[in-house]
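Enquirer: Residue strings, one per chain:
Protein chains: 2
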Amino acid sequence: MARTDQKVGYLPSSKELFPTPKTAADGVENVLRILEGRWKLVILFHLFGGKVLRFSELEREIPAISQKMLIQQLRQMEKDGVVSRIVHHQVPPKVEYYLTEWGQALCPALDALLAWAASRPDEPPVGQRSP
Amino acid sequence: MARTDQKVGYLPSSKELFPTPKTAADGVENVLRILEGRWKLVILFHLFGGKVLRFSELEREIPAISQKMLIQQLRQMEKDGVVSRIVHHQVPPKVEYYLTEWGQALCPALDALLAWAASRPDEPPVGQRSP
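Chains as they are written, first to last, in numbering that gives the first Met the number 0: chain A, 0 to 130; chain B, 0 to 130.
Just so you know, the hints here were simulated from the structure itself, not pulled from any lab data.
Do not take every clue at face value.
The list treats identical chains as one, so a pair stands whether inside a single copy or across any two.
Claimed, not checked - Here are the simulated SDA-like cross-link-like pairs (lysine to any residue), alpha carbons at most 25 Å apart as the crow flies:
| # | residue 1 | residue 2 |
| --- | --- | --- |
| 1 | 14 | 104 |
| 2 | 93 | 22 |
| 3 | 67 | 120 |
| 4 | 21 | 35 |
| 5 | 93 | 120 |
| 6 | 67 | 36 |
| 7 | 67 | 104 |
| 8 | 21 | 66 |
| 9 | 21 | 117 |
| 10 | 67 | 54 |
| 11 | 67 | 52 |
Full structure from sequences and hints, please.
Expert: Below, the structure is given as structure tokens:
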């Protein structure tokens, strides 16, 4: 019944880089590490669609976040290559944040997760069945 | 520069259920909660492709996991509606695990995350640029 010779069930596009269930799981874990952090997803969804927001605009859009935390989350996202910023050399200095091309490319993947969540069957699944 | 009137940048398909960046971020968080847990992703990738595996086969495929932990992870995944099982009433009893239709539907979404990870630019992104 189990086809142990067939190592992966996921799409061929990722098979080369993630040839086994273990490497595929590790690959997803690495992505989740980029997304984890109390505010990163909210920041992402505020910047999707090619938006460019000033620090003060992000603060206003996410009132529950502290300034220190917002700085920290943006720095980590910048380090991960998801967020970039434009520094306008003016007085007072103006700094704007936007998603890198790679960060922007997360949108369809997260959308696929949301579509999956939305497709959850209403009925609780039958936990056990007899053949 | 920032279009604050345009609340979301993600695809229209999820907009109805997740109309704001906050609700979309919460939606993704809920999915991440289903995936978190040291072994769930590995179990998922072992069962993708419509595979049906006995408990002992899963144990053999994932040697690093303890029996207790494997039971716990499978129970949580069953509760979340991702995994289901077939109990064969025979002696000794035989129990097989497989992904529900909904669990199987996670495959393309996780594949999108892997494809995104694989598309990471080699060059470290420029953290700062001047207009």
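Enquirer: From the Cα coordinates, with 25 Å as the cut-off, is the pair residue 21 and residue 66 best called within, between, both, or neither?
Expert: between (39 Å within a copy, 18 Å between copies)
Enquirer: Is it within, between, both or neither when you check residue 67 against residue 120 at 25 Å Cα-Cα?
Expert: Neither: 40 Å inside a chain and 29 Å across chains, both beyond 25 Å.
Enquirer: Go through the copies and call it for residue 21 and residue 35: within, between, both or neither, with a Cα cutoff of 25 Å.
Expert: Close inside one copy (21 Å) and across copies (15 Å); limit 25 Å.
Enquirer: Between residue 67 and residue 54, at a C-alpha cutoff of 25 Å, which is it: within one copy, between copies, both, or neither?
Expert: within (12 Å within a copy, 47 Å between copies)
Enquirer: Have a look at residue 93 and residue 22 and pick one of within, between, both or neither, based on CA distance no larger than 25 Å.
Expert: Result: close neither inside a copy nor across copies, 42 Å intra and 29 Å inter.
Enquirer: Between residue 93 and residue 120, at a C-alpha cutoff of 25 Å, which is it: within one copy, between copies, both, or neither?
Expert: Neither. Shortest intra-copy (47 Å) and inter-copy (27 Å) distances fail the 25 Å Cα cut-off.
Enquirer: Classify it for me, residue 67 with residue 36: is the Cα-Cα distance of at most 25 Å met within a copy, between copies, both or neither?
Expert: within (14 Å within a copy, 29 Å between copies)
Enquirer: Between copies, within a copy, both or neither: which fits residue 14 and residue 104 at Cα up to 25 Å?
Expert: Answer is both; intra-copy 20 Å and inter-copy 18 Å each pass.
Enquirer: From the Cα coordinates, with 25 Å as the cut-off, is the pair residue 67 and residue 104 best called within, between, both, or neither?
Expert: neither (27 Å within a copy, 39 Å between copies)
Enquirer: Evaluate residue 21 and residue 117 at a C-alpha cut-off of 25 Å and name the case that applies: within, between, both or neither.
Expert: between (27 Å within a copy, 16 Å between copies)
Enquirer: Is the C-alpha distance from residue 67 to residue 52 at most 25 Å within one copy, between copies, in both cases, or in neither?
Expert: within (17 Å within a copy, 48 Å between copies)
Hint compliance for this structure: hints 2, 3, 5 and 7 are broken, all remaining hints hold.
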